[in-house]
Amino acid sequence: MRRFRPVYWPTLVAILIVIAIIAVANGAVPLTVAVVFNALRGRGDPTAIAIVRDLRLPRVLLGVLVGAGLGASGAVLQGALRNSLAEPYLLGVSGGAAVGAVLAFSLGGTTEPVITLAAFVGGVAAVFVALAVSRAGGRGARADLRTLLIAGVIVGAFANAAIMVALASAAPNTVRGALWWMMGSAADATWQRVVWLAVSVAIAGGALIYRAREIDVLALGEDTAASLGVDAERAGKRAFVLSALLAAATVAAAGLIGFVGLVVPHIARGMGLRAHRPLMLAAGLIGATLVVAADLAARTVAAPTELPLGAITALLGVPFFLVQLRRLT
Amino acid sequence: MIEVRNLVVRYPGASANAVDGVSFVSERGRLTALAGPNGSGKSSIVRALLRRAHIPQGSALVDGRDVQTLSYSDLATSIAVVPQREEPVFPIRVLDYVALGRYPHLGLWRAPGEEDRSAVEVALSQAGVSDLADRATDTLSGGEWQRVRIARALAQRAPALILDEPTTFLDVAHEMSIFELLSSLSRSGLAVLLVSHQLNLVARFADRIVLLHHGRIAVSGSPADVMTAERLEAIYGWPIVVTRDPAIGAPALVPLRRPFQLQTAHPTNERR
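So the protein lines, in turn, are chains A and B.
Going by this note's numbering, the first sequence opens with residue 137, and the numbers climb by one from there.
Going by this note's numbering, the second sequence opens with residue 49, and the numbers climb by one from there.
Derived by calculation from the structure, the hints in this document are not laboratory data.
Keep in mind that a hint or two might mislead.
[To be verified] Pairwise CB distance ranges, derived in the manner of DEER restraints:
| # | chain 1 | residue 1 | chain 2 | residue 2 | range |
| --- | --- | --- | --- | --- | --- |
| 1 | A | Asn219 | B | Ser166 | 44 to 50 angstroms |
| 2 | A | Ile158 | B | Trp157 | 50 to 56 angstroms |
| 3 | A | Leu451 | B | Arg158 | 41 to 47 angstroms |
| 4 | B | Pro60 | A | Asn219 | 23 to 29 angstroms |
| 5 | B | Tyr59 | A | Ala268 | 19 to 25 angstroms |
| 6 | A | Trp327 | B | Thr187 | 46 to 52 angstroms |
| 7 | A | Val459 | B | Ser232 | 45 to 51 angstroms |
| 8 | A | Asn219 | B | Thr187 | 17 to 23 angstroms |
Backbone N, C-alpha and C define an ideal beta-carbon position, used for all residues, glycine too.
Isolated chain B, as found in the complex (with noise of 0.2 angstroms):
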């Protein structure tokens, strides 16, 4: 379970808080999704998460145990992290970099043994992505090479999985497939949390979602309670229209384009 609890993280120089007393927990088999602008926290959190932004007030625990306090490895045990961005300068195997994720258990000299190997397999199967074992990073497309970063993280075995925008430069239909499986992979017992800036996919597949506005918490509950017009203009300071996803009846959201009027006719080109 990841929990913080009134976090505030603030980087060296900056005049405000880049999270500003934040609070919230993800559940184990549970999706929670953190959303909001750009530059509203989301990153922010998820480095604090890592160890790698100054938090000089509140925390930010994970089963309970403070992040500040745990050590690197014991942290690398507790959460697996997908980062934003990551691309290795050198090719690597898949096989081999997936392998990668087995190093908290290992440390600098323990030789993989069949655990290892089993996890690393297990962890293939569940991003679906065995049958890219033997290639180079190099030769992947987008999506497989996202969905080759989960593995990575999965053979981690830790019991939360953090994701930052896994899904940015992805087709429909991969971005699809990565939220099938964070969704899967969340029922399975793991804790997820993810960041995303897909509001639609997120109100379909998220648990709850918290919604950041300027390093604070601007609204949180199950989509339907975040997904609200009013809520999302003010926040976005953009007009939008939440309207349902026709199949499951989760909220979709529609921005208007400009001039910002409501258009129940069919639109024109005559415009402008």
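Chain A extracted, bound-state conformation (with noise of 0.2 angstroms):
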């Protein structure tokens, strides 16, 4: 098993801040570092201005979080549920937020809050009836965290279905305007959703990184974890439904953004992290930093095109983690 040094802190916070400095320097109109850090400051050419300060800072930052909320929500949600598949989407989350976004689209909610609101409701809506799915399926007995994953799953395939049901007979604006969503995008990024974001992030982020030793002990079964005094039940679905908060609120702001969540933390975990606490931060600087670069690249390598970020985000990250599945085994 690989050590975790303590430099690694710094590389990883650097490696982020390098790529985030690059993306907002970078797109339709290149801009040089020195341009990028006086707009930044309010001076220079007021266009540039404009571009760094309303267009690319926010998208950026938008990254920045939705990467850091997937990769800290999968962390947790692998570790809790014992399960190295586990992932924020798995839980119903994302099928949820997407039958939100998609009524709310059919409905003729155009407008970004609407929009993000509905998949907000619809991701946190999944969660509680995959909770009271689970419940049933436990004869009125304490559900175990296995029937919690199992009742997810069910609810994200049936919130599918029904997602392609609705898009069948919408009108094909709905359709386009869903499917872009389902494709996931940071190109919506506005200072009011990235506050937003930043607000959920923090909160259930700060919640799940308060709790994280419990984590640590709930990751070695439930009956060793209730031996060292944590309610196994009860730690077991706070985490799934903070990190299922999480997921919901970076669904909402950026649509469905595949493979972060997944495999981030198997990521993190290579660099010898297994304390959830530490492993959480690291996930979610390697998720932002692994978003960040995959929307420089959806919105620059096929421009005017924009591709979308869900797909880039795994080409760039899939290589990556085969390289480093390679030196673990």
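Both chains are given apart, each in its own frame, so use the hints to dock them into the complex.
Structure, rendered in structure tokens:
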């Protein structure tokens, strides 16, 4: 097992900052780093200031928050559910959020806050439906976390089916809007959205980081967790709900961005991290870097066409993961 | 000290009680064994002590306090448990794993201090796994892993230790060394409650055996009291001969082969 070195922290932060600066500087109108820094301070060409402050900076920050939220959420879920294939979207969050968004689209809600809110409500609703389903499946007993995982998958599958039915008869515009959203995109980033997501990530992520040691114990199994003084059922549900909220907030802000929540925690573990407090932080930093880099690629590689961000995260992340997998085994 | 009084455990939807009015005491300085056929309620008693099973009647007490009224963290400083199964999904360094035994003392935020570090060190050495501290859990053999798990429980520094089938899948030498370890831990003052199928080993090491059958105590007492052929035959539903362990004279059980005849002569291949 690789030993995590403290020097990895400044390295992870530095990589994120460099990628973020490159992402702010590049796009349809390339800017130099000097112009970017001046624009950030409100100096120089007003067009450059507008591009940096109103377009690219919120977009990059949105990417940071989405990536951090998904990475941390995945790290918690894999530990708490003791499943290396667990990821935020598996729990019905994505399906529920998509139902919410599509519903908003088809009811004519085209303004951003409406769709964001509808997606968030849909994602959260799916989590609570999954909780209810898991309780029903438990014959009135305490449902264990595996039941919860299965319930999440079932709710997600149902939601996806509902979307297909809804889209089959929807107007082409609605279909296009919904599809774009389902492929994930940071293109509609606004400061309002950034602030809203930052608050959500801070609350749900902060609560999870606060309780991270409980997840270390939970990862040993429910009986062992109980013997170490953790109410396994409550702690597991709390981790489930908080990480699902975290994921729902990111989905509402930028649509479905696959792969990050699944693989980024494994990359962080590959660096030698096991305890969930540092693991969540590292997964957050790596996830943020990956999404910002992917978004940069999405808008520059085939410009002026924008590629779906959700696909790019996978295209960028898979090779990186494979290299690491080889080194690990 | 662990005490269960008229304990009843019932699982939702089950037609019968898994544990049906069991009472016994596991005292400090003694190795108490909980034995009995599969499904006789051994693990359910452990689950009840961990507050992971519903107790409609009776009580499970740790140092005189009812587990139902204890907080989870108080419970964890009173009893340490090595559950039947446990496998970390993500391999972890042995030292970090054993250090998780300090969670009941550290809680969510307190940084480990000198006392915690020394508890982990002593636990590793008591369990004889100090040299494994830097290994990852997925590189350990079955015997090493069981010892590491015992070290994790010892790091809790609880006065009572409960183990559920700690020697399953282990070879003779590893099995013996775990029993020797448990015996020395009990002599050092811990209340050790051991759930085990290994009647022969239990008979040699335990101070007291509680033999369960269908959720009730069939018999309990010293190994010599409990290990009689008639009783064991009735409980296990299989012909059994009880002889003496040649070294220390403890009762030793020999289940018979079919056809169920006591064979005094040398076994031959002609049977069938």
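Outcome of the hint check:
| no. | hint | verdict |
| --- | --- | --- |
| 1 | Asn219/A - Ser166/B: 44 to 50 angstroms | 35 angstroms, violated |
| 2 | Ile158/A - Trp157/B: 50 to 56 angstroms | 37 angstroms, violated |
| 3 | Leu451/A - Arg158/B: 41 to 47 angstroms | 44 angstroms, holds |
| 4 | Pro60/B - Asn219/A: 23 to 29 angstroms | 25 angstroms, holds |
| 5 | Tyr59/B - Ala268/A: 19 to 25 angstroms | 22 angstroms, holds |
| 6 | Trp327/A - Thr187/B: 46 to 52 angstroms | 50 angstroms, holds |
| 7 | Val459/A - Ser232/B: 45 to 51 angstroms | 49 angstroms, holds |
| 8 | Asn219/A - Thr187/B: 17 to 23 angstroms | 22 angstroms, holds |
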